[in-house]
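J.: Next come the chains, spelled out residue by residue.
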Amino acid sequence: MRFKRSVDTGQPRAPHWLKGLAYGGLVFLHFPILMIVIYAFNTEESAFSFPIKGWTLRWFAEAAARQDVLDAVWLSLKVAACATVLAMILGTMAAAALYRRVFFGKDAITMMLIIPIALPGIITGIALLAAFKMLGLEPNFWTIVIGHATFCVVMVYNNVVARFRRIPHSLVEASMDLGADGFMTFRRVVLPQIATALLAGGILAFALSFDELIVTTFTAGHEKTLPIWLLNQLTRPRDAPVTNVVAMLIMLITTVPILLAYYLTKGTESVAGSSK
Amino acid sequence: MTFAVEFTQVSRIFGQTRAVDNVSVQVREGEFFSMLGPSGSGKTTSLRLIAGFEQPSTGSIRIFGQEAAGVPPYERDVNTVFQDYALFPHMNIRDNVAYGLMVKGIGKTERERKAEEALEMVALPGYGDRKPGQLSGGQRQRVALARALVNQPRVLLLDEPLGALDLKLREQMQVELKTLHRKLGITFIYVTHDQGEALSMSDRVAVFNNGRIEQVDAPKLLYTRPKTTFVADFVGTANVITGALAERITGQTQPFSIRPEHISFATTGELPADRLGVAGEVADVQYHGATSRVEVQVEQKLFAVMVANQDADDHALPVIGSQVQLSWPVSAMVMLQAG
Amino acid sequence: MSTLSMRQHGVLRSFSNLLYRRSNLYLLLLLVPPLLWFGVVYLGSLFALLGQSFYTFDDFTMSVLPEFTLANYKNLFEIANADIVLRTFFMAVAVTIASIFLAFPMAYYMARYASGVEKGFFYVAVMLPMWASYIVKAYGWTVILAKGGIVYWVIDRLGLTQGLEAFLALPYVGGNTLSTSHIGRFMVFTYIWLPFMILPIQAALERVPPSLLQASADLGARPAQTFRNVLLPLAIPGVIAGSIFTFSLTLGDYIIPQLIGPSGLFIGTMVYTMQGSIGNIPMAAAFTVVPIVLIGIYLNLAKRLGAFDAL
Chain A
504 MRFKRSVDTG QPRAPHWLKG LAYGGLVFLH FPILMIVIYA FNTEESAFSF
554 PIKGWTLRWF AEAAARQDVL DAVWLSLKVA ACATVLAMIL GTMAAAALYR
604 RVFFGKDAIT MMLIIPIALP GIITGIALLA AFKMLGLEPN FWTIVIGHAT
654 FCVVMVYNNV VARFRRIPHS LVEASMDLGA DGFMTFRRVV LPQIATALLA
704 GGILAFALSF DELIVTTFTA GHEKTLPIWL LNQLTRPRDA PVTNVVAMLI
754 MLITTVPILL AYYLTKGTES VAGSSK
Chain B
3 MTFAVEFTQV SRIFGQTRAV DNVSVQVREG EFFSMLGPSG SGKTTSLRLI
53 AGFEQPSTGS IRIFGQEAAG VPPYERDVNT VFQDYALFPH MNIRDNVAYG
103 LMVKGIGKTE RERKAEEALE MVALPGYGDR KPGQLSGGQR QRVALARALV
153 NQPRVLLLDE PLGALDLKLR EQMQVELKTL HRKLGITFIY VTHDQGEALS
203 MSDRVAVFNN GRIEQVDAPK LLYTRPKTTF VADFVGTANV ITGALAERIT
253 GQTQPFSIRP EHISFATTGE LPADRLGVAG EVADVQYHGA TSRVEVQVEQ
303 KLFAVMVANQ DADDHALPVI GSQVQLSWPV SAMVMLQAG
Chain C
137 MSTLSMRQHG VLRSFSNLLY RRSNLYLLLL LVPPLLWFGV VYLGSLFALL
187 GQSFYTFDDF TMSVLPEFTL ANYKNLFEIA NADIVLRTFF MAVAVTIASI
237 FLAFPMAYYM ARYASGVEKG FFYVAVMLPM WASYIVKAYG WTVILAKGGI
287 VYWVIDRLGL TQGLEAFLAL PYVGGNTLST SHIGRFMVFT YIWLPFMILP
337 IQAALERVPP SLLQASADLG ARPAQTFRNV LLPLAIPGVI AGSIFTFSLT
387 LGDYIIPQLI GPSGLFIGTM VYTMQGSIGN IPMAAAFTVV PIVLIGIYLN
437 LAKRLGAFDA L
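Residue numbers (our numbering), protein chains in the order written: chain A, 504 to 779; chain B, 3 to 341; chain C, 137 to 447.
Please keep in mind that the hints were generated in silico from the structure rather than gathered at the bench.
Since no wrong hints were added, every one of them can be taken at face value.
Straight-line distance between alpha carbons at most 20 Å, and here's what the computed SDA-like set of lysine to any residue pairs gives:
(1) A:Lys636 with C:Met198
(2) A:Lys556 with A:Asp742
(3) A:Lys636 with C:Gly415
(4) C:Lys210 with C:Leu222
(5) A:Lys522 with C:Phe257
(6) A:Lys609 with B:Phe16
(7) A:Lys522 with C:Tyr249
(8) B:Lys110 with A:Met687
(9) A:Lys636 with C:Gly175
(10) A:Lys636 with C:Ala184
(11) A:Lys636 with C:Phe204
(12) A:Lys769 with C:Phe257
(13) B:Lys106 with A:Leu674
Please take these sequences and the hints and turn them into a complete structure.
T.: Put into structure tokens, the structure is as follows:
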């Protein structure tokens, strides 16, 4: 999204009620996030009572000492890393194939890339599970990765294809004209041009994968990714303080990359956004 | 004799359109050859066929006698100056210019020295550390030129390279390109839609229309002896007379052209044997400094007449609305093929 | 002297030359891996699922038999199952409508009044909660709505506890506590999918050139008339795009109904239960066809009403 100055000609300033509604909406959007942060420092052990009685960092140490937490974090990081690498390769290939040439079936292929995020996650999840069962595959680490890569590809594809469309094709021609073959041209001209978009897409894919719950519950079997761990925790009120700390951690791991991706592609195009 | 570039019955078809339609042409080694025509006439596609960005649908292209079919751009000894310059935005000027040498595997010191030499040649010494974005349009154009020439191609392709520059800069670059061409002695193939540019710079010009070449000739012949109505009309200003009006004047239906500067106003109705003419009504008179242009309505045709403005003001121009008799020497007329 | 003198050799170079001569091969090589992935892994799975919805589930042996049957689809229309479908559907509709009303003023302010830094701030501030972990946001709401939590505390301080009790006693809206009430679930759904409505509307409004509004004003329209006759019709595609997200995501969700709100299954929870504890994948598959069909109908309807004409 480019930030062109909006109406500045003869348009009155925003009415107060509208400005109030807009900022009120922002407060609404951020309020639960704020609460998660506050409760992570809460001294109390069992309840969610408000106001907070006292502040402590104790639960951070406690969470860091829990093997099940560390295992879940490690698993989620591994899954997200693998899914991201796969998505970056497949997404870039699809973008390179689809951005310029017009051919039969192109729209259908583009559509197919988008379906996994347009359909409810539960459909993707159970479809993959049904297929794995038919093939006799037991859910494991790689079945999680396959599920995640499927909906992560479109994140990379959207960002990279938008960048491809902005690169004048004459740059590629100039490189070939000056003696560089296809591979050299990709390495010296195309890759540097798409690098930030590819990185932004990769970061979004990583964040999406790290946080994904709905598809994962179907494809994970007995594996516990961090969101699944958190979901299981919700039925155990006694563990609330550790849960609160981990919740804040997940929040950080999913939001910081978004800020990064936003600044990487700022002024060039929108961070193609939609998830789940 | 081998030609620098030789097209034999070349066509390039995109879907339903014949962008280049059965073109045969030879470009001689060392000449400044222009491809002139309106947009969509096939001149840029022809250039891209030489560079290797497009493949001919039918026909053969030879570059210095060797068949070019299937040879990718990076294995052709031709380099291109692009219309949008196509400088790599992520590299500084030095790396841009040295790019062709780099991909050939020439060492860093050697290629940087050559790049600096090339930048000096285009009057941009010391600009190596800047980024393309920090340069003006004219400077970027020179960098694009240096980047192509540093590879010492035997043919330099220029795709409307001056199109984006303002008039003053364009005229200056025309002179510089011409000087460069003389100095280097290599073949320049220059694509333009500006007939003035093509006439003033080229050794020979090919005039494109609808994917075909209408005429290939030296600029002077193109102007004085156009072969088709299209060429007569497109190159310079001409009164191209066709059909019934042509028959009324010459007695035959073949179209002809007469340049505005060859027409004069006659007072009497009777014409000498070596002149032809027609009567009409003055529709407009435009003052152009050294000359004036008088437009005369003859039937449906508006004749342009160029009159030199004498320093003395006694030379009377006709008045709008008055009846005049136009006449011109038969020798100045050019008979045309319908184009 | 060879003019095509720059010939080099090597496997990569030969390969590059081959791709130059056969540009369709180049395209094919690029497309094969993503096509294999999506065509085989993903679409294959979807069709496998669809196929299984016609399989027979044997209630006695608790196993799936590959025998064709329409029984699963017939089962969808049983009272209990139809109830689930309707409950989910009405929630999705309510969430979508609420999202439109909450999102429009924000999107309108972002597109028409915010500029420069403020616009960047709004954009990031909407995107962050959208991307922030789904499960954590849902969890955050269980904390907020919990008895003794911040909402109960504020209401208590305002002396409105009685009012809240009365409100929660209403049928179809209330529940025992806030976190087990319909209204609580509705709020969480609306919260979670709201950014998906804001951004498309904002993008649609952003595309309206200011000159159109000036032209409308110039032709004598009052601001309210300009809004209704010019801006609103042009914003509709954005609203539709956003509502596809809120509608489809609510239809398919099965985590939030588990965490917040009264008992009573949703399509998502039903699917999950069917395949999980019972292992009745055919019935689960039949249930997943419901959201697909509903979304298909919705898209078709929107298209017929000309919602995409302004695009």
